[in-house]
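Engineer: Place chain B on chain A using the hints.
Chains A and B are the protein sequences, given in the same order. The first sequence begins at 1 in my numbering and counts up by one. The second sequence begins at 1 in my numbering and counts up by one.
Honestly, the hints are just simulated from the structure, not real lab data. It cannot be assumed that every hint is accurate.
[Unchecked claim] Lysine-lysine pairs mimicking DSS-like chemistry, simulated, CA-CA at most 27 Å apart:
(1) B:Lys177 / B:Lys253
(2) B:Lys132 / A:Lys10
(3) B:Lys139 / B:Lys81
(4) B:Lys82 / B:Lys132
(5) A:Lys217 / B:Lys114
(6) B:Lys177 / B:Lys162
(7) B:Lys81 / A:Lys123
(8) A:Lys217 / B:Lys132
(9) B:Lys11 / A:Lys217
(10) B:Lys177 / A:Lys217
(11) B:Lys139 / B:Lys162
(12) A:Lys10 / B:Lys177
(13) B:Lys139 / B:Lys82
(14) B:Lys75 / B:Lys11
(15) B:Lys114 / B:Lys177
(16) B:Lys129 / A:Lys10
(17) B:Lys11 / B:Lys139
(18) B:Lys75 / A:Lys217
(19) B:Lys129 / A:Lys217
(20) A:Lys217 / B:Lys82
(21) B:Lys32 / B:Lys81
(22) A:Lys285 / A:Lys298
(23) B:Lys32 / B:Lys75
(24) A:Lys123 / B:Lys75
All figures in this text were calculated on a predicted structure; none of them were measured in a lab.
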Amino acid sequence: MSLKKNAFVKYYLIYVIFAAIIVFFVALGGVLPRSFLSNSLQMAIAILLSLSLSFVVGFLGELSLGHAGFMCAGAYLGGKVASILAAGALGNGILTFIISVLVGGIVAAVLGVVVGLPALRLKGDYLAIVTLAFCEIVRVLFLNSPKEAFGGAFGLETPKYGSSGISLQMMLILALLLVVSAIAVFRNIIRSKHGRAVTAIRDNEIAARATGVDVTKYKLFAFVVSSFFAGIAGVVYSYTQSRVQSSTFDYNYSIDILVMVVLGGMGSMNGSIISAAIITFLNLKLSTVLTGNLAVAKDLVYALILILIVIFSNAPSLRSFREKYNFRAIIERLRKKEMDPADIKNDAGSWDRIPTKIEMNEVLSTDFKVQESTMNPDKEAK
Amino acid sequence: MAENNYLLETKDLGISFGGLKAVQDLNLRIKKNEIYGLIGPNGAGKTTAFNILTGVYQPTTGSYIFDGEEIHGLKQDAINKKGIGRTFQNIRLFNNMSVVRNVMVGLANLPEYKCNVFESIFRLPRHFKVEKAMRARAKELLDIFGLLEERNNLACNLPYGKQRKLEIARALATGPKLLLLDEPAAGMNPQETAELVETIRFVRDHFDMTILLIEHDMSLVSGICDEVTVLNFGQTLAQGNVADVLHDPAVVKAYLGD
Numbered sequence: 001m002s003l004k005k006n007a008f009v010k011y012y013l014i015y016v017i018f019a020a021i022i023v024f025f026v027a028l029g030g031v032l033p034r035s036f037l038s039n040s041l042q043m044a045i046a047i048l049l050s051l052s053l054s055f056v057v058g059f060l061g062e063l064s065l066g067h068a069g070f071m072c073a074g075a076y077l078g079g080k081v082a083s084i085l086a087a088g089a090l091g092n093g094i095l096t097f098i099i100s101v102l103v104g105g106i107v108a109a110v111l112g113v114v115v116g117l118p119a120l121r122l123k124g125d126y127l128a129i130v131t132l133a134f135c136e137i138v139r140v141l142f143l144n145s146p147k148e149a150f151g152g153a154f155g156l157e158t159p160k161y162g163s164s165g166i167s168l169q170m171m172l173i174l175a176l177l178l179v180v181s182a183i184a185v186f187r188n189i190i191r192s193k194h195g196r197a198v199t200a201i202r203d204n205e206i207a208a209r210a211t212g213v214d215v216t217k218y219k220l221f222a223f224v225v226s227s228f229f230a231g232i233a234g235v236v237y238s239y240t241q242s243r244v245q246s247s248t249f250d251y252n253y254s255i256d257i258l259v260m261v262v263l264g265g266m267g268s269m270n271g272s273i274i275s276a277a278i279i280t281f282l283n284l285k286l287s288t289v290l291t292g293n294l295a296v297a298k299d300l301v302y303a304l305i306l307i308l309i310v311i312f313s314n315a316p317s318l319r320s321f322r323e324k325y326n327f328r329a330i331i332e333r334l335r336k337k338e339m340d341p342a343d344i345k346n347d348a349g350s351w352d353r354i355p356t357k358i359e360m361n362e363v364l365s366t367d368f369k370v371q372e373s374t375m376n377p378d379k380e381a382k
Numbered sequence: 001m002a003e004n005n006y007l008l009e010t011k012d013l014g015i016s017f018g019g020l021k022a023v024q025d026l027n028l029r030i031k032k033n034e035i036y037g038l039i040g041p042n043g044a045g046k047t048t049a050f051n052i053l054t055g056v057y058q059p060t061t062g063s064y065i066f067d068g069e070e071i072h073g074l075k076q077d078a079i080n081k082k083g084i085g086r087t088f089q090n091i092r093l094f095n096n097m098s099v100v101r102n103v104m105v106g107l108a109n110l111p112e113y114k115c116n117v118f119e120s121i122f123r124l125p126r127h128f129k130v131e132k133a134m135r136a137r138a139k140e141l142l143d144i145f146g147l148l149e150e151r152n153n154l155a156c157n158l159p160y161g162k163q164r165k166l167e168i169a170r171a172l173a174t175g176p177k178l179l180l181l182d183e184p185a186a187g188m189n190p191q192e193t194a195e196l197v198e199t200i201r202f203v204r205d206h207f208d209m210t211i212l213l214i215e216h217d218m219s220l221v222s223g224i225c226d227e228v229t230v231l232n233f234g235q236t237l238a239q240g241n242v243a244d245v246l247h248d249p250a251v252v253k254a255y256l257g258d
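Only chain A is shown next, with the shape it has when bound in the complex:
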């Protein structure tokens, strides 16, 4: 029962954390340095992107390398709408932002349908290549677009935060609200029959078909929801720039997003959020620390750090640390409740991987100790 309660607390914890962050920025946004606010804004965008890609890669189980393409479409179309509206009667306000966010998201979602319908017939590497090509096509299209429409090689002029209307603080709060709504949407989908259908496709497509899951429909659905939020991230991005350059959205950008998802753990929304925040922080920190001639080394250091994280996040010592200090263990310790031997056995049963020999020995030995201690009183009684 307590376990169930913990799971409940754990499930809603993320909303509490984000509410606290938003309150923090509402209260202190005026006092904090601008660089801190704009860095946080970058993080919020990265979180939006990694959340949306995580749904396709981690839950649908399809590899998409075209996420920057959807973001690009969102940034351009949303930015265009924003600049038109800002010049008009609406002005550069929150309403303009909301409308352009919706437009950017919907455009990206429509693009998701157009790309997804043919591309999702492909699997694995082939899908990855097609989405990669799509990303490049979108980028090159905007690069060669007529100057009056999307700025062409000059980039599209968009209303940046702070210039008028929306302040940086306001922008950050809006972005965080979007992040929270993205979290809510994805989690609500995952914890519903639709999400179960999507994960069923990931786990076994053939069985999913035989169980009555309309695979084509749900693949497209996951792809479209994901591109919708990528488009929204693009609009937010366009607000952080006075000019949107299509060269930003090259395939490296897609891969950066993928790195966040993979590092956060496939099929883990919380993991994607944390790793997106950490990687963005790392990137920003590196570019402030390594300046001048050292700037060349930035990518090298970044890559090295990533490699080290991948190697050491699975190190046995770190694993045991996590097992000791994870949320559930800490709650258990706070309650100072000794674990029931039956619970330990259940734990062994619910591991999501095959326990190693050492771990099994540990479980068995605890079991044995408990038996011994229960036997002792009998002896004394005799």
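Structural biologist: Chain B alone, transformed into the frame defined by chain A:
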């Protein structure tokens, strides 16, 4: 009117891959509430026949009528919705999902659990109502198969026999009229097989189910099947009552050689 007695009727069903005729002229007539066996040596085309019936392959010749309806040409999920559920020779569960969710995937298509995406995203009352009802129904099904205690474990952590049972439970969750079992007793010991026989009988009686099964274990086949069809190299070797067919010289020859 006579046709109405048959739940599934195939007419000269056949498929060829290139020059290889994997299944030829298959004529099955399965009555309602019957347990029908499909047997034959390895490579006889039994699983291929299953794959045709469930829409994995489109037949190159012939047609089949299920529940009075011509259903060939439909997609797999559509055929499942018409009422054919199946299990697989090599177990195919949703390994990284919990046991109860495996069953809930199967329930999702039933009309009583209708709930669109927006109702789920915005957590409207119907979502909660449907989820609750689905969970309760899934637990009922798991209880029947003795899997209730395991409901929160991942499917891949179940022992082999229970995985087989879960696969049947998941197929039943889709509300089929005809259940196709592909070698349900493969890899089971005699005691597990005996349990399985009980389970299959129970499913037939309790769910008012018609069952078509592929099996190599002859004691199981002769124990529960009402009728059998023997395939060999894609062709029908013998058909009819179990006792007669198993003593047919041609069948004995196909299995044991001359």
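Engineer: If a hint holds in the structure, say so; if it does not, say that too.
Structural biologist: Outcome of the hint check:
no., hint, result
1, B:Lys177 / B:Lys253, "violated, 35 Å"
2, B:Lys132 / A:Lys10, "holds, 21 Å"
3, B:Lys139 / B:Lys81, "holds, 21 Å"
4, B:Lys82 / B:Lys132, "holds, 25 Å"
5, A:Lys217 / B:Lys114, "holds, 16 Å"
6, B:Lys177 / B:Lys162, "holds, 23 Å"
7, B:Lys81 / A:Lys123, "holds, 25 Å"
8, A:Lys217 / B:Lys132, "holds, 25 Å"
9, B:Lys11 / A:Lys217, "violated, 32 Å"
10, B:Lys177 / A:Lys217, "holds, 25 Å"
11, B:Lys139 / B:Lys162, "holds, 15 Å"
12, A:Lys10 / B:Lys177, "violated, 41 Å"
13, B:Lys139 / B:Lys82, "holds, 24 Å"
14, B:Lys75 / B:Lys11, "holds, 20 Å"
15, B:Lys114 / B:Lys177, "holds, 20 Å"
16, B:Lys129 / A:Lys10, "holds, 23 Å"
17, B:Lys11 / B:Lys139, "violated, 39 Å"
18, B:Lys75 / A:Lys217, "holds, 12 Å"
19, B:Lys129 / A:Lys217, "holds, 24 Å"
20, A:Lys217 / B:Lys82, "holds, 18 Å"
21, B:Lys32 / B:Lys81, "holds, 18 Å"
22, A:Lys285 / A:Lys298, "holds, 10 Å"
23, B:Lys32 / B:Lys75, "holds, 24 Å"
24, A:Lys123 / B:Lys75, "holds, 19 Å"
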